[in-house]
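Peer 1: Chain residues, written in single-letter form:
Number of protein chains: 2
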Amino acid sequence: MARVALDLMGGDGAPEVVADAVAALDLDALDIDLVLVGPPTLAGELLSARGIDLDAHPRLTVLSASCGVPMVGDPLSYVRTNPNVSVLIAAGAVGAGAVDAWVSVGHSGAAVTAAVLSCGRVTGMSRPALAVVLPATLGPVVLVDVGAAPEASANVLTQFAMAGWCYATALGIPDPAVGLLNIGSETGKGDALRLAADTLMQDRLPALGVRYTGSVEGHDVAAGARAQVVVTDGFTGNVLLKGIEGAVGWAAHQMALAYGDPKPARAVVAGTATGDFAAGMLLGVNGITVIGHGAGRPNEIAACVRLAARAARTDLIGLTQRTFSALMQRTR
Amino acid sequence: MARVALDLMGGDGAPEVVADAVAALDLDALDIDLVLVGPPTLAGELLSARGIDLDAHPRLTVLSASCGVPMVGDPLSYVRTNPNVSVLIAAGAVGAGAVDAWVSVGHSGAAVTAAVLSCGRVTGMSRPALAVVLPATLGPVVLVDVGAAPEASANVLTQFAMAGWCYATALGIPDPAVGLLNIGSETGKGDALRLAADTLMQDRLPALGVRYTGSVEGHDVAAGARAQVVVTDGFTGNVLLKGIEGAVGWAAHQMALAYGDPKPARAVVAGTATGDFAAGMLLGVNGITVIGHGAGRPNEIAACVRLAARAARTDLIGLTQRTFSALMQRTR
Chain A
132 MARVALDLMG GDGAPEVVAD AVAALDLDAL DIDLVLVGPP TLAGELLSAR
182 GIDLDAHPRL TVLSASCGVP MVGDPLSYVR TNPNVSVLIA AGAVGAGAVD
232 AWVSVGHSGA AVTAAVLSCG RVTGMSRPAL AVVLPATLGP VVLVDVGAAP
282 EASANVLTQF AMAGWCYATA LGIPDPAVGL LNIGSETGKG DALRLAADTL
332 MQDRLPALGV RYTGSVEGHD VAAGARAQVV VTDGFTGNVL LKGIEGAVGW
382 AAHQMALAYG DPKPARAVVA GTATGDFAAG MLLGVNGITV IGHGAGRPNE
432 IAACVRLAAR AARTDLIGLT QRTFSALMQR TR
Chain B
132 MARVALDLMG GDGAPEVVAD AVAALDLDAL DIDLVLVGPP TLAGELLSAR
182 GIDLDAHPRL TVLSASCGVP MVGDPLSYVR TNPNVSVLIA AGAVGAGAVD
232 AWVSVGHSGA AVTAAVLSCG RVTGMSRPAL AVVLPATLGP VVLVDVGAAP
282 EASANVLTQF AMAGWCYATA LGIPDPAVGL LNIGSETGKG DALRLAADTL
332 MQDRLPALGV RYTGSVEGHD VAAGARAQVV VTDGFTGNVL LKGIEGAVGW
382 AAHQMALAYG DPKPARAVVA GTATGDFAAG MLLGVNGITV IGHGAGRPNE
432 IAACVRLAAR AARTDLIGLT QRTFSALMQR TR
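Chains as they are written, first to last, in this note's numbering: chain A, 132 to 463; chain B, 132 to 463.
A portion of the hints provided could be inaccurate.
The list cannot tell twin chains apart, which means a pair is met if one copy fits it or any two copies do.
Here are the computed lysine to any residue pairs in the SDA-like style, where the Cα-Cα straight-line distance is at most 20 Å [unchecked claim]:
id: 1; residue 1: K320; residue 2: E176
id: 2; residue 1: K320; residue 2: Y209
id: 3; residue 1: K320; residue 2: L161
id: 4; residue 1: K320; residue 2: P271
id: 5; residue 1: K320; residue 2: L185
id: 6; residue 1: K320; residue 2: P201
id: 7; residue 1: K394; residue 2: T192
Don't read these hints as lab results, they were simulated from the structure. Note that the structure is a prediction, hence the values are computed from the model and not measured.
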């Protein structure tokens, strides 16, 4: 059993789309206890309209929060000054051990802030990173960071490598190889940041039992042949992730024309949005935090909940804490 | 008529693959005079084996060069110290006005060095940039830089924006909009480099008649809706370009499975490699320089030659020089 808190108030289509996601989830089959975080009366009404009796449901409860994060103004300072906002209540439930994980598809910066404030950072991790799982040709690839840290140092990239390795391991990828995203696979390629990060990763990762394969290139991310964890700064990772999404959309459009039938192409694109691909896992905080697309549809939000439960069952946080603890002992 | 020099000695499959490309080109129909750059005896033998009589061909000549750039060691210093290397002879022919453009699919850094040494930089352009044309859903998009300048300043990115705008204009894209590749389209998004570049582009580009649309995101590159010229540093651009290539390959694989027939999917992928997509245009040097994939097949190399001829006919260099001259007068 996994206990997952879901932010009712976050996302472009909240709260209706989030309620649709709840209705789409078979909590019994998934063995998930779901805690909806938002105004209780609103939650009851939304679920009732979808044929769900909140009071009688054995798997579904509500944790009261007064509001969501407004998308206008300064969402981060709003989180810091409004203790009753849904992301703080949800992340706080994880921090207090009342639930095992939480999910939001609202403002991602606000969710990161709430997670850091309520759960704290993993000791040894300077800043959190957002990781996604991409359905590469030869098996899933973890890409980290996709936007939490647009500017990163070699030390931060090395931490991201370790956190990404923990995530891949928790996902069940055996002995995942870590690659540094670069513009060539030969030694000596890349900008100053990549050169420094390559040296640091060569020095630190093998001693922790993390297999480091050196530099990988953009095409390796979709192939999945050379590394199962691809590490980069949040600027490059965000551009690459969105670029891949755009390219898959372009290809689907071209394929629909080439084959004269759009349906299979649409199914391939839809499949990428409902697997693990839909969800960002925030790494480096002491609580499982899943951040999905703001424009996520109900089945995409449901995929985020499933991923959160999966990470809770495989003890992502414990593995991350032990890995960083080993690093701290070595570099002390 | 356009006169194009082609490096016989560059590329993974050189010189055989380059000779295959020559055999694949209908120079009469294209109205191209082709100058093959390499050892004359070798050139004659390779063409003879493909049924082409070099001495009798009205469109085909050879310019003597002793060798290509070795892929081992230090290719850049090899170029600087070997005046008879094919890239220097080919670029030199452009610099001297003997031909209008040159093409190499060999070591790209060596080709950039040869172009700068032999043709010189455009006044006002601090360093050259490599641009590609992507077949976006709503029409072609110029992406610049894809690897010539892994580290760039705001000033350099603004120069890349201008050079990319000139290239898009020379390609016949009417009133191309320029966008800065970023991790969000709202003002204030991005790292320090993007914030500074956004301010500088807002200040400089409109005064030169260049339409600047602000920040665009990774998915906009494959969509082509918001900008026809997308500007970024060479690190991000290289990762994104290869990421898009990888994603299209992944999608083609998935589509082949979904449709139960790989042929149309393969045709879509092959189409991206033989259009303008195959070739990088080096911007900011005073001579048309096309740099293709080292692993390019004959039809991809032939596409590079066609693109070089097209840029020569539309006076890419003259337009670039006039645009930078206007900038220099304004900022003096």
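Peer 1: Which hint numbers doesn't this structure obey?
Peer 2: The structure conflicts with hints 1, 3, 4, 5, 7, although it agrees with all the remaining ones.
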